[in-house]
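Read off the chains here:
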Amino acid sequence: MKVLYFARLRETFGLAEEEISGPASVTELLELLRSRGGVFAKELDAARPFRVAVNQEMAAMDSALQDSDEVAIFPPVTGG
Amino acid sequence: MKVLYFARLRETFGLAEEEISGPASVTELLELLRSRGGVFAKELDAARPFRVAVNQEMAAMDSALQDSDEVAIFPPVTGG
Amino acid sequence: MDIRVQHPAFDVADEIARLHAADSGVGALVTFVGYVRDAHAGVGVQGMELEHYPGMTEKSLAAIVAEAEQRWHTLRISVIHRVGKLFPADPIVFVGVVSAHRADAFAACEFIMDYLKTQAPFWKKETTSNGERWVEARASDDEAARRW
Amino acid sequence: MDIRVQHPAFDVADEIARLHAADSGVGALVTFVGYVRDAHAGVGVQGMELEHYPGMTEKSLAAIVAEAEQRWHTLRISVIHRVGKLFPADPIVFVGVVSAHRADAFAACEFIMDYLKTQAPFWKKETTSNGERWVEARASDDEAARRW
Numbered sequence: 001m002k003v004l005y006f007a008r009l010r011e012t013f014g015l016a017e018e019e020i021s022g023p024a025s026v027t028e029l030l031e032l033l034r035s036r037g038g039v040f041a042k043e044l045d046a047a048r049p050f051r052v053a054v055n056q057e058m059a060a061m062d063s064a065l066q067d068s069d070e071v072a073i074f075p076p077v078t079g080g
Numbered sequence: 001m002k003v004l005y006f007a008r009l010r011e012t013f014g015l016a017e018e019e020i021s022g023p024a025s026v027t028e029l030l031e032l033l034r035s036r037g038g039v040f041a042k043e044l045d046a047a048r049p050f051r052v053a054v055n056q057e058m059a060a061m062d063s064a065l066q067d068s069d070e071v072a073i074f075p076p077v078t079g080g
Numbered sequence: 001m002d003i004r005v006q007h008p009a010f011d012v013a014d015e016i017a018r019l020h021a022a023d024s025g026v027g028a029l030v031t032f033v034g035y036v037r038d039a040h041a042g043v044g045v046q047g048m049e050l051e052h053y054p055g056m057t058e059k060s061l062a063a064i065v066a067e068a069e070q071r072w073h074t075l076r077i078s079v080i081h082r083v084g085k086l087f088p089a090d091p092i093v094f095v096g097v098v099s100a101h102r103a104d105a106f107a108a109c110e111f112i113m114d115y116l117k118t119q120a121p122f123w124k125k126e127t128t129s130n131g132e133r134w135v136e137a138r139a140s141d142d143e144a145a146r147r148w
Numbered sequence: 001m002d003i004r005v006q007h008p009a010f011d012v013a014d015e016i017a018r019l020h021a022a023d024s025g026v027g028a029l030v031t032f033v034g035y036v037r038d039a040h041a042g043v044g045v046q047g048m049e050l051e052h053y054p055g056m057t058e059k060s061l062a063a064i065v066a067e068a069e070q071r072w073h074t075l076r077i078s079v080i081h082r083v084g085k086l087f088p089a090d091p092i093v094f095v096g097v098v099s100a101h102r103a104d105a106f107a108a109c110e111f112i113m114d115y116l117k118t119q120a121p122f123w124k125k126e127t128t129s130n131g132e133r134w135v136e137a138r139a140s141d142d143e144a145a146r147r148w
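Residue numbers (this note's numbering), protein chains in the order written: chain A, 1 to 80; chain B, 1 to 80; chain C, 1 to 148; chain D, 1 to 148.
So that you can see chain A by itself, here it is in the shape it has in the complex:
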């Protein structure tokens, strides 16, 4: 699956986009990313206020994932 990062997360991870295979849910994807430690473990801690979108729609943490999905992880939005 394609995983996109935006705004502060993109800057902190030094990464806008990556390909990841395997996770069957948002929860599993987040576990995999946290297991990298460092800024990934810190920023994606469950207590932090990040948001997840799957295929460009806001998604709950237990949403199922397929390898063909586009997942995005980003801070709460601040437009307008």
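Hints listed in this document are in silico derivations from the structure and should not be mistaken for laboratory results. The C-beta atom is built at its ideal place from N, Cα and C for all residues, glycine as well. Treat the hints with care, as some may be off.
Said to hold, decoys possible - Below 20 Å or equal to it, Euclidean Cα-Cα: the simulated EDC-like pairs (lysine to aspartate or glutamate) are:
| # | chain 1 | residue 1 | chain 2 | residue 2 |
| --- | --- | --- | --- | --- |
| 1 | D | LYS59 | A | GLU70 |
| 2 | C | LYS125 | C | ASP90 |
| 3 | B | LYS2 | B | GLU18 |
| 4 | B | LYS2 | B | ASP67 |
| 5 | A | LYS2 | A | ASP69 |
| 6 | C | LYS59 | B | GLU57 |
| 7 | A | LYS2 | A | GLU31 |
| 8 | D | LYS59 | A | ASP69 |
| 9 | B | LYS2 | B | GLU70 |
| 10 | A | LYS2 | A | ASP67 |
| 11 | D | LYS59 | A | GLU57 |
| 12 | B | LYS42 | C | GLU136 |
| 13 | D | LYS125 | A | GLU11 |
| 14 | B | LYS2 | B | GLU31 |
| 15 | A | LYS42 | A | GLU11 |
| 16 | C | LYS59 | B | ASP69 |
| 17 | A | LYS2 | A | GLU57 |
| 18 | A | LYS42 | D | GLU136 |
| 19 | D | LYS85 | C | ASP23 |
| 20 | C | LYS85 | D | ASP23 |
| 21 | C | LYS125 | B | GLU43 |
| 22 | D | LYS59 | D | ASP2 |
| 23 | C | LYS125 | C | GLU136 |
| 24 | A | LYS2 | A | GLU70 |
| 25 | C | LYS85 | C | ASP11 |
| 26 | C | LYS85 | C | ASP38 |
| 27 | B | LYS2 | B | GLU57 |
| 28 | C | LYS59 | B | GLU70 |
| 29 | D | LYS85 | D | ASP38 |
| 30 | D | LYS85 | D | ASP11 |
| 31 | D | LYS85 | A | GLU11 |
| 32 | D | LYS125 | A | GLU43 |
| 33 | C | LYS85 | B | GLU11 |
| 34 | C | LYS125 | C | ASP38 |
| 35 | C | LYS125 | B | GLU11 |
Claimed, not checked - Some, not all, of what chain D presents toward chain C, calculated at C-beta under 10 Å:
| # | residue |
| --- | --- |
| 36 | ALA13 |
| 37 | LEU29 |
| 38 | THR31 |
| 39 | ALA105 |
| 40 | CYS109 |
On the provided structure of chain A, position chains B, C and D as indicated by the hints.
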């Protein structure tokens, strides 16, 4: 006092403005006007939804009046 | 505040530029424009004549705007209301409010319109397919004004 | 509906003309314009960079407008949101709604802004006198969105 009529009342009375002396309150002025009978008695019946302003401010029916006042009687407003 | 009662049309872009005034403390602008519709209560409207009470109308609008300025944090407010003969699609009224934050501008603008509709001495006479008629005040406008 | 995400400035007069569209069924127009302020939380702001999520941003705005169209009787709605580098006093966002009656246009316009602020994927990074900083989401925006 100067008594002004607007909109439907002005048209129905065939009168935009007149001078009246004596009434010491809006109630007394309305009694005097109603005593003319005809359209005055009909349009200024207490059950009709007209409004009264004294010196260009919305006024209650029991407001006191002086001969130097400007009184206006008109239908509920419909601007905007 | 800027209050005008006039026959000529207004230019919304000019009014917005005057309200924003290149002031970088302004975060929000809310404007309302009311237009003449071509039908009212199911009857075709060809035009309307707007009557007002010179002197009281301006005072009444100024009092409504002053109350809005007391209730909300606004930076500048303009109200322009046209009088005289108008036709379908003509703009009738402009209310513009600028503020630092949007909630103040939205509330002040809607409050001014709701109060203007029930308090400011203007009267509309429509020319319809059935002849001329004075527009009747609407109960829904009284309800709208009572909310505040 | 007309949804645009773009860097260039918009022309409010053009947008209003397009919304009103010489349609004499339109009785009310409510517009909102949001501007860059020169200070935020007490710190001077020299400029900002607006980032978005191409694709999702447009879909999200369209979904918000579709919900407004379901909830209120509106005739046409436009939303324009700028992205890229902006400076104090620059307009950021335009929301315009036309309807037969004013209550629908006011509600739809404010609803769209409240939802846009909490749902649409845009992020602001400010350049301040203390350096760059990502703007934090405000609890008051969440509260505003929860009202509807």
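Checklist entry - Hints broken by the structure, by number, lowest first? => result Violated hints: none at all, because every hint is consistent with the structure.
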